[in-house]
Every structure is written in structure tokens, then in C-alpha cells.
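Trainee: If you read the sequences in order, they're chains R and D.
Okay, so the first sequence: first residue is 1 according to our numbering, each after it adds one.
Okay, so the second sequence: first residue is 1 according to our numbering, each after it adds one.
To list a few chain D residues with every Cβ distance to chain R over 12 Å, as calculated: (1) G16; (2) D17; (3) Q60; (4) L66; (5) A70.
Stretch by stretch, here's where chain D covers chain R in the computed footprint (C-beta under 8 Å, at least three residues): (6) 42–55; (7) 96–107.
Simulated pairs of lysine-lysine, DSSO-like, Cα-Cα distance not exceeding 27 Å: (8) D/K71 to D/K22; (9) D/K42 to R/K15; (10) D/K68 to D/K58; (11) D/K42 to R/K57; (12) D/K42 to R/K11; (13) D/K37 to R/K11; (14) D/K22 to D/K37; (15) D/K71 to D/K99; (16) D/K99 to R/K57; (17) D/K71 to D/K58; (18) D/K57 to D/K99; (19) D/K99 to D/K42; (20) R/K11 to D/K99; (21) D/K68 to D/K22; (22) R/K57 to R/K15; (23) D/K57 to D/K37; (24) D/K22 to D/K42; (25) R/K57 to R/K17.
It is worth saying that the hints were derived from the structure and are not from the lab.
Predicted, not measured: the structure shown is a model, and the values here were computed from it.
Here a beta-carbon is modelled for each residue, glycine too, at the ideal position from N, C-alpha and C.
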Amino acid sequence: GAGVSQSPSNKVTEKGKDVELRCDPISGHTALYWYRQRLGQGLEFLIYFQGNSAPDKSGLPSDRFSAERTGESVSTLTIQRTQQEDSAVYLCASSQQGGNTQYFGPGTRLTVL
Amino acid sequence: GENVEQHPSTLSVQEGDSAVIKCTYSDSASNYFPWYKQELGKGPQLIIDIRSNVGEKKDQRIAVTLNKTAKHFSLHITETQPEDSAVYFCAASRYNTDKLIFGTGTRLQVFP
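Turn these sequences into a full structure, and let the hints guide you.
Mentor: Okay, here's the thing in C-alpha cells:
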């Protein structure tokens, strides 16, 4: 079946502009996660959605970052007033309810000039 | 806070040799430990995982061991092949929260 998909695959933007990144989880997966991966580094947790529960936003680095999820489907990660340090690959993952295994999408490479 | 340390950062082996990557974690409530392989330009792919009620798990050439007392776990790859070359990440999570805390990665190079 289809895996996690993300769009766009690449995004180049100018400092100060807003960007929206999209994630389509695996159908039926109730949990959705966003991570950030800076060049040559590990993955940093950003935010986690589980069903209708309040999202865990503990990893968001500043109030310029926000995310929404419509029901148990698509999620968008928004970064306002982008800064050069926001340049990274943004990865989305999903998992089944009660399951630990997270399946990752290919990521969106964001470059802020 | 929660932390996962991973060593070594780079590892070069000859084809056919074994490779071992080690991780330690700080959160004693962690009970799920996956390993991911990431190839260039792709998202991480789960290769093996272990839960805290098990000490060792094996899948063909890949095995993972867990020592809960010492809070460390290791990935063992035997009979390495050039296609094993990639970056490998360990991670840890608590069952209830599910967010993964990742190590910093190991770049494995297998030379033919």
C-alpha cells in the first residue's frame, strides 16, 4: 500500500517568508509526527498528533512554528517569518493507534536564503 | 531531559566483516528501541526494533541487544555488504508518549 507522502519535496524561500509543508500519513494511522533533521545531524522531535487528543507540541522550537491536522488525515506544518537556521529536512511519520512503529515519509528539504 | 547517545559517528568496514553500533539512553522509562537506516535523500526506514521485555532480537544478518540495567542497546550487522552503506540511527521512546528520541547517527561505509 501507499506509504507516507510529503510535499513539496524541495522548497526554497527567502528569509522572512512563510512556508507550508504537507504530510499525508498512511491510511488508517491515527498518530502523526513531525521531526526536523539539520544537515548531518539526527532527527529532532517537533510535534505529535494522536487522534482527537491535544497535540504534544513540546518540540516546537519557537512560536513561528505551528502545525494542524484534519481529523486522522493530512497535516500541515507552517513556519512563519522563516530564518536561515530553519533550513533543514522536515520529516513526517505516522503509526497505528497503540503501535510504536513509526513509518517515515521522504521529507521536505527547506532552504531559506 | 531525555537523551540518546550513539557511537561511533563513522564506521568503515571491509565487505564480509561485522559492524557494531552502540547507543545509551538516559530515560529509564524508555521501553521501545528501534533502529533506522537512512540512505541519501530518503526518509529513515525501520530495520529492526526491540522492546524492553526482550534482551535480544535477530533478523537474518541484523541483530539488536538490549541491556536495561546499563541502559544501552546495540545493533550488530554480520557479513556486511556494500548495500549496507548508509546512515544508521538508534532511537528510544516510552510506550505511552510514542515520540522518538534519536541518536546522532552512524555513517557506515562497507568497502568491497
